[in-house]
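There are 2 protein chains.
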Amino acid sequence: MADFTAFLANVAGSVEGYLDRVVPAADTPPERLHEAVRWSLLGGGKRVRPALVIATAETFGGKGHLAYGAAAALELIHTYSLIHDDLPSMDDDDLRRGRATCHKQFGEATAILAGDVLQTIAFQVLTNDELLPGGDKRLQIISLIAAAAADMVIGQQLDLDAEGAQVTLGQLEQIHRKKTGSIISASVIVGGLIGDATGDEITALTRYAEALGLLFQVTDDLLDITQSTETLGKTAGKDIVFSKATYPSLIGLEGTRQLAGELAATADSALSAIERDTSLLSGMVDRVSNRVS
Amino acid sequence: MADFTAFLANVAGSVEGYLDRVVPAADTPPERLHEAVRWSLLGGGKRVRPALVIATAETFGGKGHLAYGAAAALELIHTYSLIHDDLPSMDDDDLRRGRATCHKQFGEATAILAGDVLQTIAFQVLTNDELLPGGDKRLQIISLIAAAAADMVIGQQLDLDAEGAQVTLGQLEQIHRKKTGSIISASVIVGGLIGDATGDEITALTRYAEALGLLFQVTDDLLDITQSTETLGKTAGKDIVFSKATYPSLIGLEGTRQLAGELAATADSALSAIERDTSLLSGMVDRVSNRVS
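Chains as they are written, first to last, in the numbering used here: chain A, 7 to 299; chain B, 7 to 299.
Careful: at least some of the hints might be erroneous.
It does not matter which identical chain is meant; a pair holds if it fits inside one copy or across any two.
Straight line, CA to CA, 30 angstroms or less: simulated BS3-like cross-link-like pairs of lysine-lysine [to be verified]: (1) LYS250 / LYS110; (2) LYS244 / LYS110; (3) LYS244 / LYS52; (4) LYS143 / LYS244; (5) LYS52 / LYS250; (6) LYS250 / LYS143; (7) LYS110 / LYS143; (8) LYS52 / LYS110; (9) LYS52 / LYS143.
No lab work stands behind these hints, which were simulated from the structure alone.
Can you build the whole structure from these sequences, using the hints too?
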């Protein structure tokens, strides 16, 4: 577990450096746009998605060092979605990653544009990175990430549509599978593709990622209730204020904790079908589970 | 010229069909998102950028029929930018392509998401289309389009920053080169790449496209003053209301008409360096010039 903590810290530092290089400097005109991009992208964030890409590529043939372009692209897409989700017409949030949200700091227009260009830069990185596999294999990776980014937007709309409405457990799962799960799954599968995982291994990775993605959301719901705004770095208790459907609101705190345990077990069981050293991937499950235990 | 009109009509129809196939049906959940996407994307638009891609690919080796994926992608990116530009915190417009803007019809949140996913779908199309060149050539095309999309956002921020400020002719040109010119240039250059144009030909095409892109903006400025809202399909006279710098405000109506003539001549002169039948490309210059003559 000490090793896993070191792995996460190492990935976070390297990804930060990579991201810093692929976005324009803050003094590049128009400065306001590039300051906004850097404000939201750098200096915070747990870099969970990059860690998943790199952990999976490392698990399959030690290819983690070739995966930074894909890792960065997925973090860029994640960050653009956070900026747009926080806008007044969406979740209307003031705090993100422990600081003011992009639109609070730079105004709505620039925040919209910063999100827009972060998505674009993600695809620039995917095409221009020098270490990712080339040719049609890279096209497959870009296509997969684009499909996940589209699903993420669909999930965001489903989430908007559900506000104030009666939502079933199945609908809630569907929202999260699209909104958060799609990018988590893409992170793992892309890591597997970079590591030349077999078809059977990709199938197992997909099961792992789907359980991990839901586990991530379930623990997020728990943290929203049990943690302070200061600890979270984003506004706590928002789900209740917005009367958003959450796992605790549908199945109670105890039921939600039990579900988290089941999802962790499903993720670990998927890994047992892979005849590799999957300790980095099981480390991710433990890390997410431990957020709420 | 009769042929050129038929060419444009044919491209517009084929592109409409292609776009209709690559976005989800209106009854695909979440319906609100997909209705918004289709509202803004289909049933209108001059399809200038697709026409440029296809005209250029056709000019070089008759490859127009292979270029629809790139043509559609550039139209998807253009449409996403229109939706976001029209938002209340940006240009705050009610009318676009002769109908209500996306946020007037579907609300701000869904309009933001519709723009977001249109950008994503552009990159999906670029990776999944079956007729575009494969492998590293396609990566080059995607990279070029992504760079243009990033420049477009930069131009939009420059435009925002210039609102109400004193703007020089040089600054105005810089705004337009980024905001409109980048996607126009990418359309032409990508068409050239699909048609295997030589390096010298790409250089000539770049000169042609830069002049055409500015010509397009200069004539837009003239139309904003001289035409009615009904004819334009978007709100006329907005530049004056927003006290935006325009060519007429800086160099007068007559000076602007003269500049349009010079830009058309520059575009045509660039074409004369290309030893092909460039009538489709010169037809585009005439068509844009004739909007205001």
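Results of checking the hints against the structure:
no. : hint            : verdict
1   : LYS250 / LYS110 : both (23 angstroms within a copy, 25 angstroms between copies)
2   : LYS244 / LYS110 : both (17 angstroms within a copy, 28 angstroms between copies)
3   : LYS244 / LYS52  : within (20 angstroms within a copy, 44 angstroms between copies)
4   : LYS143 / LYS244 : neither (41 angstroms within a copy, 47 angstroms between copies)
5   : LYS52 / LYS250  : within (24 angstroms within a copy, 42 angstroms between copies)
6   : LYS250 / LYS143 : neither (40 angstroms within a copy, 46 angstroms between copies)
7   : LYS110 / LYS143 : neither (40 angstroms within a copy, 42 angstroms between copies)
8   : LYS52 / LYS110  : within (22 angstroms within a copy, 37 angstroms between copies)
9   : LYS52 / LYS143  : within (28 angstroms within a copy, 35 angstroms between copies)
Violation of the numbered hints given earlier is confined to hints 4, 6 and 7; the remaining hints are satisfied by the structure.
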